[in-house]
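Please construct the entire structure, taking both the sequences and the accompanying hints into account.
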Amino acid sequence: MQMPETRVLLKHAEDPELRTLAGYKRYDGYGALEKAYRQMEAEEVLKELEDSGLRGRGGAGFSMGKKASFLPRGEMQKYLCCNADESEPGAFKDRELMQRNPHQLIEGIAIAALAADAGHAFIFIRGEYDLQADILDAAVAEAYEAGYLGENILGTRRDLELVVHRGAGAYICGEETALLDALEGKRGNPRLKPPFPAVQGLYGGPTLINNVETLSNVPRIVAHGAEWFRGFGTEQSPGTKVVSVSGCVQRPGNYEVELGVPTRELIYELAGGPGGGREVKAFYPGGSSSPVLTAEEGLDLPYSFEDMAAAGSMLGSGSIIVADDSVSIPHMALRTARFYHHESCGKCTPCREGTNWTVKMLERMVHGEATPMDLDIVASVQENIIGHCLCVLGDSMAMPVGAMVRKFRGEFEQVMAEAGTAVAA
Amino acid sequence: MSPVDGPGVSNPNLPVDPALVEGRVPDRVPEQVPELHEVDCPPDLKEHIETLMGRYPDRKSASIPALWAVQRLYGWCTPEGIRQAAAVMRVTPAYLESVASFYDLLHTEPVGTHKVAVCTNISCWMRGADELLEAFRSAAGGDEDIFVTGFECLGACDIAPMVSIDERYFGPLEAAEAETAIEQLRTGKDVLPEKALEKRPLAGDAGSTGGVPRAGDADA
Ligand SMILES: Cc1cc2nc3c(=O)[nH]c(=O)nc-3n(C[C@H](O)[C@H](O)[C@H](O)COP(=O)(O)O)c2cc1C
Ligand code: SF4
Ligand code: FES
Numbered sequence: 001m002q003m004p005e006t007r008v009l010l011k012h013a014e015d016p017e018l019r020t021l022a023g024y025k026r027y028d029g030y031g032a033l034e035k036a037y038r039q040m041e042a043e044e045v046l047k048e049l050e051d052s053g054l055r056g057r058g059g060a061g062f063s064m065g066k067k068a069s070f071l072p073r074g075e076m077q078k079y080l081c082c083n084a085d086e087s088e089p090g091a092f093k094d095r096e097l098m099q100r101n102p103h104q105l106i107e108g109i110a111i112a113a114l115a116a117d118a119g120h121a122f123i124f125i126r127g128e129y130d131l132q133a134d135i136l137d138a139a140v141a142e143a144y145e146a147g148y149l150g151e152n153i154l155g156t157r158r159d160l161e162l163v164v165h166r167g168a169g170a171y172i173c174g175e176e177t178a179l180l181d182a183l184e185g186k187r188g189n190p191r192l193k194p195p196f197p198a199v200q201g202l203y204g205g206p207t208l209i210n211n212v213e214t215l216s217n218v219p220r221i222v223a224h225g226a227e228w229f230r231g232f233g234t235e236q237s238p239g240t241k242v243v244s245v246s247g248c249v250q251r252p253g254n255y256e257v258e259l260g261v262p263t264r265e266l267i268y269e270l271a272g273g274p275g276g277g278r279e280v281k282a283f284y285p286g287g288s289s290s291p292v293l294t295a296e297e298g299l300d301l302p303y304s305f306e307d308m309a310a311a312g313s314m315l316g317s318g319s320i321i322v323a324d325d326s327v328s329i330p331h332m333a334l335r336t337a338r339f340y341h342h343e344s345c346g347k348c349t350p351c352r353e354g355t356n357w358t359v360k361m362l363e364r365m366v367h368g369e370a371t372p373m374d375l376d377i378v379a380s381v382q383e384n385i386i387g388h389c390l391c392v393l394g395d396s397m398a399m400p401v402g403a404m405v406r407k408f409r410g411e412f413e414q415v416m417a418e419a420g421t422a423v424a425a
Numbered sequence: 426m427s428p429v430d431g432p433g434v435s436n437p438n439l440p441v442d443p444a445l446v447e448g449r450v451p452d453r454v455p456e457q458v459p460e461l462h463e464v465d466c467p468p469d470l471k472e473h474i475e476t477l478m479g480r481y482p483d484r485k486s487a488s489i490p491a492l493w494a495v496q497r498l499y500g501w502c503t504p505e506g507i508r509q510a511a512a513v514m515r516v517t518p519a520y521l522e523s524v525a526s527f528y529d530l531l532h533t534e535p536v537g538t539h540k541v542a543v544c545t546n547i548s549c550w551m552r553g554a555d556e557l558l559e560a561f562r563s564a565a566g567g568d569e570d571i572f573v574t575g576f577e578c579l580g581a582c583d584i585a586p587m588v589s590i591d592e593r594y595f596g597p598l599e600a601a602e603a604e605t606a607i608e609q610l611r612t613g614k615d616v617l618p619e620k621a622l623e624k625r626p627l628a629g630d631a632g633s634t635g636g637v638p639r640a641g642d643a644d645a
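Here the protein sequences come in this chain order: A and B. Taken in order, the first sequence gives residues 1 to 425; the numbers are from this note's numbering. Taken in order, the second sequence gives residues 426 to 645; the numbers are from this note's numbering.
Just so you know, these hints were derived from the structure itself, not from any lab. Don't take every hint at face value.
What the hints assert, rightly or not - Here are the simulated BS3-like cross-link-like pairs (lysine-lysine), alpha carbons at most 27 Å apart as the crow flies:
#1 Lys-624/B x Lys-11/A
#2 Lys-186/A x Lys-620/B
#3 Lys-25/A x Lys-11/A
#4 Lys-624/B x Lys-186/A
#5 Lys-540/B x Lys-11/A
#6 Lys-11/A x Lys-47/A
#7 Lys-193/A x Lys-11/A
#8 Lys-485/B x Lys-347/A
#9 Lys-485/B x Lys-186/A
#10 Lys-66/A x Lys-47/A
To be verified - To spell it out: a stretch of chain B is covered by chain A in this simulated footprint if at least three of its residues, at any positions, have a beta carbon under 8 Å from a beta carbon of chain A; those stretches are:
#11 438–447
#12 460–467
#13 567–573
#14 607–615
#15 619–626
Stated by the list, open to error - Okay, the calculated bits of chain A under chain B, using three or more residues with CB under 8 Å as the criterion:
#16 184–192
#17 261–270
#18 331–343
Note that this is a predicted model, so its numbers are computed, not measured. Cβ atoms here follow ideal geometry from the backbone N, Cα and C, with glycine treated the same way.
What follows is the structure, encoded as C-alpha cells:
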C-alpha cells in the first residue's frame with residue numbers, strides 16, 4: 001500500500017501540455033493573476049500571503065509574506081528575484097516545478113511583484129538547467145504575448161519586465177546576496193548583511209528574493225485564500241512540500257506531501273525504502289547542509305520545519321538523502337566536505353581554510369594516515385567555523401560533518417583503525 | 426613644497442616611500458577598454474550582446490550571458506572572444522576574464538566540442554558514480570573532442586548515477602552505457618534516448634523502480 005501524495009503544486013503535472021500557455025489555462029491558469037491585478041490592492045495581496053503562513057522553500061523557512069512586507073513603500077525602483085539556482089546536493093524539486101509547470105512560477109512571480117511593487121523581475125536559474133531554462137524562455141515569451149507580462153498588464157497600467165538569467169556554475173550564487181552580485185554581472189561573492197536585500201539589494205534597490213517553490217505557491221493562495229492554504233500541513237508549517245528523496249531508496253524522485261507527514265512514510269512508502277533487505281542507517285532531512293539524523297532519531301518525526309528543528313536539524317530545501325546500512329559514514333562525510341571546499345568562495349578564512357582542512361583530515365582518516373587525535377580536531381574545526389563567516393556556506397559543511405562525527409564516532413574509529421592496519425601491513 | 430619635509434614626516438630614520446618623492450607613476454599602462462574597430466567582432470555576436478545588454482537596467486548585468494554567447498560561438502571563452510565582448514560592453518577584458526574564471530561552466534582554456542559531466546556527489550556516489558566516471562573516461566580515451574569531467578550535484582539525484590552530455594541530462598546509467606553514449610556522440614547519433622531526463626514521468630506515476638543496482642560503498 002502506497003501512501004498517497006497530496007498534489008497541489010504538481011497537480012496535472014503528468015500532462016505534457018501543462019507547460020504551454022494553452023495547457024495551463026485549461027486548468028484555470030492565470031486566473032489568480034487576473035484576480036490580483038483586476039480586483040485586489042497590493043496590500044490585500046500582501047496580507048493574504050502573510051496570513052497564509054507560507055514559509056520560504058529555499059532553505060531558511062522565513063515567512064514569505066513578512067519578507068515582502070519589509071520592502072519600503074514609495075516610488076523607488078524595486079526588484080524581485082526568483083532563486084532558481086538549486087545547487088545544494090540532494091535538491092531537485094525546483095527543476096521539476098520549472099520543467100513541468102513553468103507558467104505557475106511565472107504567474108506567482110507576477111503576483112508577488114504586484115504585492116512588492118516591483119517593476120523588474122529576474123529568474124536566476126543555474127546554468128546547468130539548460131532544458132528548464134529553454135522551457136522558461138518559451139513560457140515567458142508566451143506570457144508576454146498574452147499580456148500577463150510587459151507593459152500595462154491586462155490594461156491595469158501596471159508593468160513588469162521578467163528576464164530569465166542563466167548562471168554559470170557556482171553553488172554560492174544560491175546565497176541571496178551572492179546571487180545579486182552575479183546578477184549584476186560580477187563574481188558571485190556574498191555581501192555583508194545588513195543591509196538586507198529587502199532594503200538594499202539589486203542595483204542598490206529594495207529586492208524581494210524567493211525560491212521557485214515559494215513563488216509557485218502564490219497563485220493558488222491568491223485564488224483560494226489563506227484559510228484554504230492553512231488547511232494543509234501543520235500550524236507552523238502550512239501547505240504542501242515537494243520533497244526530493246534520493247540516495248538509497250528504490251524509487252527516488254519528487255513527492256508532494258502535506259508538511260507534517262511521518263518521515264518514515266515518505267522514505268519507505270513513497271520512495272520505496274532501501275530494499276534488498278537493507279535498512280536506513282541515517283539521512284539528511286533537508287539537503288546536504290542539514291545535520292544528518294540517525295534512523296532512530298529521525299524516521300518517526302513528522303516532516304515539518306518545527307520537528308526537524310527540534311531534533312537539531314532542519315527541513316532546509318526539503319531534500320532527503322538516505323544512507324542505508326551499506327554506506328560508510330566517514331566516506332559520506334568526505335564527499336560532503338569536498339563539495340563545500342570546492343564551492344567556498346574563499347572570502348572568509350574560517351570557511352576557506354576550515355573546508356580545506358576538513359577534507360584533508362577526512363582523507364587521512366579513510367586512507368589510514370590519521371592519528372586518534374584527528375577526530376577531535378575535525379570536530380573542533382567544525383565548531384570554529386559555525387557562526388564565524390559572512391554567509392552560511394561554511395556552517396553548511398560544519399553542521400552535517402560535525403553531526404556525523406558526533407553520532408557515528410565508533411564508525412570513524414573503526415575506519416581509521418582498519419585503514420591504518422592496511423597501511424601498516 | 427616637497428612632501429619629505431612636510432608635516433607628519435618627523436622621524437628621518439624611517440624609510441621613505443619613493444612614491445612620495447617621485448610621484449606615483451604606474452609601472453604598466455592600465456588596461457584599456459578595447460575599441461570596436463580593434464577587435465573584429467562578428468556582427469552577429471555584437472548584435473546579440475547588445476540585445477542582452479538591453480534586457481537589464483544596468484548593461485554590466487549582461488556579462489555572464491555575453492560570456493555564454495562567446496563560449497557558444499568559439500567553444501570556450503577565448504581571449505579574442507573576451508576582447509570582442511569587452512569592446513561591445515565597454516568594460517575591460519580583465520573584468521570579463523575575472524568573471525569567467527569564477528564560474529565552473531565558463532571555460533578559459535580550450536575544451537572539446539562535446540562536454541560530458543558525470544556527477545560524483547553524494548546521491549550519485551551511493552549509486553556508482555565513481556565507476557561511471559571511470560567508464561566515461563576510458564570510453565573517451567583521450568579523445569580531445571570529448572571533455573569528460575567529474576561534477577558536483579547537478580540537481581538530478583532522482584536519476585542517479587547521472588551525467589550531463591552537451592547540457593542535457595541522462596540517467597540512471599550503468600557503467601557499460603558510457604561506451605554506447607560516447608560512440609553515439611562520435612557518430613552524431615541521438616545519445617541514450619531512452620535515458621533522457623526529459624522523457625521521465627513523475628516518480629509517483631512511474632510505478633517501477635527508479636534506479637540501477639547500487640555499486641556498494643566503494644570510495645577512493
Ligand atoms: C550557500 C547557500 C546556497 C543557497 N542556495 C540556494 C538555492 O540554490 N536556492 C534557493 O532558493 N535558496 C538558496 N539559498 C537560500 C537563499 O539565500 C535565500 O534564503 C532563499 O533564496 C530565500 O528564498 P525563500 O525565502 O523563498 O526560501 C542558499 C543559501 C546559502 C547560504
Ligand atoms: S562563508 Fe565561505 S562561501 Fe560564504 S562568504 Fe565566507 S568564504 Fe565565501
Ligand atoms: S548527487 Fe548527482 S545529481 Fe545530485
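Check your understanding: Is it true that the CA of Lys-540/B sits at most 27 Å from the CA of Lys-11/A?
Key -> Violated, at roughly 35 Å.
Review point. Going straight from one Cα to the other, do Lys-624/B and Lys-11/A come out at no more than 27 Å?
Key: holds, 18 Å
**Study point:** Coverage criterion applied to the stretch 331–343 of chain A (partner chain B; beta-carbon cut 8 Å; 3 residues)
**Key:** holds (count 8)
Review point. Are there three or more residues in the stretch 184–192 of chain A whose C-beta lies within less than 8 Å of some C-beta in chain B?
Key: This one holds; 5 residues, not fewer than the three required, reach chain B with a Cβ under 8 Å.
Practice item. Tell me if chain A covers the stretch 619–626 of chain B under the three-residue, 8 Å CB rule, please? Key: It holds: at least three residues are needed, and the stretch 619–626 of chain B offers 3 whose Cβ sits within less than 8 Å of chain A.
Check your understanding: Holds or violated: are the alpha carbons of Lys-485/B and Lys-347/A at most 27 Å from each other?
Key -> This hinted pair holds, its Cα atoms lying about 23 Å apart.
Review point. Hey, Lys-186/A versus Lys-620/B, does the alpha-carbon distance stay inside 27 Å?
Key: Violated, because 36 Å separates the two Cα atoms, which is more than 27 Å.
Review point. Given the hinted pair Lys-11/A and Lys-47/A, is their alpha-carbon gap at most 27 Å?
Key: holds, 25 Å
Check your understanding: Are Lys-624/B and Lys-186/A close enough, with their CA atoms no more than 27 Å apart?
Key -> Between Lys-624/B and Lys-186/A the Cα gap is close to 36 Å, so the pair fails against 27 Å, i.e. violated.
Check your understanding: Is the hinted pair Lys-25/A and Lys-11/A satisfied, with a Cα-Cα distance of at most 27 Å?
Key -> holds, 13 Å
Exercise for review: Check, residue by residue, whether the stretch 438–447 of chain B contains three or more positions whose beta-carbon lies closer than 8 Å to a beta-carbon of chain A, and give the verdict.
Suggested key: violated (count 0)
Review point. Taking only the CA atoms, is the gap from Lys-193/A to Lys-11/A under or equal to 27 Å?
Key: violated, 38 Å
The structure is inconsistent with the numbered hints 2, 4, 5, 7, 11, 12, 13, 14 and 17, although it conforms to all the rest.
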